[in-house]
Amino acid sequence: MPIEVKNLSFTYSAGTPFETSALKNISLEIKNGEFIGVMGHTGCGKSTLIRALAGLLRPSEGSIVVDGSDINGRRYDRSKLRRKLGVVFQYPECQLFETTVEKDVAFGLKHSGLNKDEVTERVRWALEICGFDFEKIAKASPMGLSGGEKRRVAIAGVLAVKPEYLILDEPIAGLDPLGREAFLELITGLNADGMTIIMVSHNADCIGEYARRVLLLNGGELVGDGSPQELFSDVERMRSLHLGVSRSREIAWLLKKGGMDIPQDICSYDRLLPAVLAHLRGGDEHD
Amino acid sequence: MIKAKDLIFSYDCEGGRHRSLDGACITVRDGELVAVLGHNGCGKSTLVKHFNALLEVQKGELTVAGLDAKSEANIWTLRRKVGMVFQNPDNQFVSSVVAEDVAFGLENYGVDGSEIPERVSAALALVGMAGFERRSPHMLSGGQKQRVALAGVLAMDPDILVFDEVTSMLDPDGRREVLSVIKRLHSQQGKTIVMITHYVEEAVFADRVYLMHDGRMLADGAPREMLTDLELLRRTGLTPPTPVRMYHDLKAAGFELPYCPLTNEELAEELCRLK
Ligand SMILES: Nc1ncnc2c1ncn2[C@@H]1O[C@H](COP(=O)(O)OP(=O)(O)OP(=O)(O)O)[C@@H](O)[C@H]1O
Ligand SMILES: Nc1ncnc2c1ncn2[C@@H]1O[C@H](COP(=O)(O)OP(=O)(O)OP(=O)(O)O)[C@@H](O)[C@H]1O
Ligand SMILES: [Mg+2]
Ligand SMILES: [Mg+2]
Numbered sequence: 000m001p002i003e004v005k006n007l008s009f010t011y012s013a014g015t016p017f018e019t020s021a022l023k024n025i026s027l028e029i030k031n032g033e034f035i036g037v038m039g040h041t042g043c044g045k046s047t048l049i050r051a052l053a054g055l056l057r058p059s060e061g062s063i064v065v066d067g068s069d070i071n072g073r074r075y076d077r078s079k080l081r082r083k084l085g086v087v088f089q090y091p092e093c094q095l096f097e098t099t100v101e102k103d104v105a106f107g108l109k110h111s112g113l114n115k116d117e118v119t120e121r122v123r124w125a126l127e128i129c130g131f132d133f134e135k136i137a138k139a140s141p142m143g144l145s146g147g148e149k150r151r152v153a154i155a156g157v158l159a160v161k162p163e164y165l166i167l168d169e170p171i172a173g174l175d176p177l178g179r180e181a182f183l184e185l186i187t188g189l190n191a192d193g194m195t196i197i198m199v200s201h202n203a204d205c206i207g208e209y210a211r212r213v214l215l216l217n218g219g220e221l222v223g224d225g226s227p228q229e230l231f232s233d234v235e236r237m238r239s240l241h242l243g244v245s246r247s248r249e250i251a252w253l254l255k256k257g258g259m260d261i262p263q264d265i266c267s268y269d270r271l272l273p274a275v276l277a278h279l280r281g282g283d284e285h286d
Numbered sequence: 000m001i002k003a004k005d006l007i008f009s010y011d012c013e014g015g016r017h018r019s020l021d022g023a024c025i026t027v028r029d030g031e032l033v034a035v036l037g038h039n040g041c042g043k044s045t046l047v048k049h050f051n052a053l054l055e056v057q058k059g060e061l062t063v064a065g066l067d068a069k070s071e072a073n074i075w076t077l078r079r080k081v082g083m084v085f086q087n088p089d090n091q092f093v094s095s096v097v098a099e100d101v102a103f104g105l106e107n108y109g110v111d112g113s114e115i116p117e118r119v120s121a122a123l124a125l126v127g128m129a130g131f132e133r134r135s136p137h138m139l140s141g142g143q144k145q146r147v148a149l150a151g152v153l154a155m156d157p158d159i160l161v162f163d164e165v166t167s168m169l170d171p172d173g174r175r176e177v178l179s180v181i182k183r184l185h186s187q188q189g190k191t192i193v194m195i196t197h198y199v200e201e202a203v204f205a206d207r208v209y210l211m212h213d214g215r216m217l218a219d220g221a222p223r224e225m226l227t228d229l230e231l232l233r234r235t236g237l238t239p240p241t242p243v244r245m246y247h248d249l250k251a252a253g254f255e256l257p258y259c260p261l262t263n264e265e266l267a268e269e270l271c272r273l274k
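Protein chains in written order, with numbering that gives the first Met the number 0: chain E, 0 to 286; chain B, 0 to 274.
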């Protein structure tokens, strides 16, 4: 069952001098199994949308319906939402508070009904898919980790629950290039197995190469909803929204400006390279 | 100038002493802009926290602006001379009001009170956060926090600036703006700058790039030299910038460009010339 966001608006500190209208009349539907990227300038409301989806903010107007129930409805069971929805927040370092990494990752499994051995196995699985050596990291203190390591532990903690919906707010910020790639491959695999992914990122490359649908926010409004190919085709518009396009898309755009006839729906490197080669060989373009 | 030689450092932790720095050497000349790249946990933040004496030298040599970092008498001077913007802005905030937070360092180091408001507004304007003075840092978006943290250090106007992944949460425009502030500090004000980043593109405009791996330096040199060397990048755990990747893929397919481009613009120019 999908997530339906209906006419959602949210205002922070209403009635004070700091009143900020962060979300304005947003409507959208998220189907099971989608891989969605969310983009938008600094302060446009992305994290606010994430907090609203996670049930942490009560909408000023409108509603959020998950699997048929309004999550802000009076009789809605919040613990149900917690099991369905895994959320990695923007600075997840602040989500770590246990004395060991193992305990931290196991935290979300407290009410899962798994026995002790099953919990340990699940924690091992989650840490290993996040690129850690379980034996080495399990007993370490989360406080004594580097920035990127903390982020990966926080991600492991959310994955351990095996949520139906995985919501990620700038998950790759602070990850090194190999870590970024490994992480994106990991969630692509989880998505192929049926997990719905909603990922906020300023990195147009990771959205262009991995997401199949992109939501564009601007000043609290939804101003774009389509495939990366569709939305990135208008480079000027993306720039006017303070955003970029993926590097492969930008190269295709620059080549076209320079007089080369390259398809303008290219967003990823695995399509750019063959197109450039085909062009250099003087033949027709075959992907 | 920063000159570190054979720094070794372990955080005391249970289960043995793991070396976070294992013979790290770095030299940053006065007025130089140096970028440091390296995998998660390789010791970048640990290294730079030595520069303003947040971490104590355990073994090795370190002089910063002519001062021996091992001498306790120099700690406060080092804190004043070296401004550091941390990886996580939440670790930097001390006040619940943005303007007070930016003013904090100035007050702490005895800047004339009459000068403070002006310097605070100038720093906030520089990072595009004018108008947010009375807000709480905790009521800001991720990118806005990062900008305020930056303003706090810019207001201090230190001789040496260390930026630890300060653009990680910014949108592409914000990233460009902050990078151009850094470039200006370097080219117009002659500041000495160390910039840590996971984005190879951001290292392109540095004077010199250090590649770090497992607590020590693997190599250093001009960006063009470091960032086009596939083997070196692979050993460091970095992926090449897209134009470099394409240069090598085209070469393998029999098309050789006259030189290896570092930016998208350079690549497009060379490709269009070829045809
Ligand atoms: N707790 C809060 N109280 C008041 N205003 C807030 C609060 N949190 C965020 N805001 C404001 O709401 C707007 C939207 O913030 P949000 O965090 O959703 O942005 P974002 O799109 O996630 O930005 P970024 O890319 O910088 O993380 C911003 O203008 C921000 O200043
Ligand atoms: N406070 C601490 N206590 C114990 N160990 C620590 C502490 N801080 C860092 N470490 C360890 O020291 C090593 C280097 O950490 P450091 O934070 O310097 O890495 P980094 O290169 O900045 O990584 P990142 O790119 O993830 O920020 C890591 O293995 C980390 O786990
Ligand atoms: Mg945010
Ligand atoms: Mg670090």
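I should point out that these hints are in silico values taken from the structure, not numbers from a laboratory.
None of these values were measured; they are calculated from a predicted model.
Cβ coordinates follow ideal geometry from the N, Cα and C atoms, glycine included.
Where hints are given, some of them may not hold.
[Claimed, not checked] Listed next, the in silico DSBU-like pairs over lysine-lysine satisfying Cα-Cα at most 35 Å (straight line):
| hint | chain 1 | residue 1 | chain 2 | residue 2 |
| --- | --- | --- | --- | --- |
| 1 | E | Lys161 | E | Lys83 |
| 2 | B | Lys4 | B | Lys250 |
| 3 | B | Lys182 | E | Lys138 |
| 4 | B | Lys58 | E | Lys135 |
| 5 | B | Lys182 | E | Lys102 |
| 6 | E | Lys135 | E | Lys79 |
[Unchecked claim] So the derived list for chain B, only partly shown, Cβ under 7 Å to chain E, looks like this:
| hint | residue |
| --- | --- |
| 7 | Asn39 |
| 8 | Gly40 |
| 9 | Asn87 |
| 10 | His137 |
| 11 | Gly141 |
| 12 | Met168 |
| 13 | Pro171 |
| 14 | Gly236 |
| 15 | Glu255 |
| 16 | Tyr258 |
| 17 | Thr262 |
| 18 | Ala267 |
Hint check, failures only:
2, 3, 5, 10, 15, 16, 17
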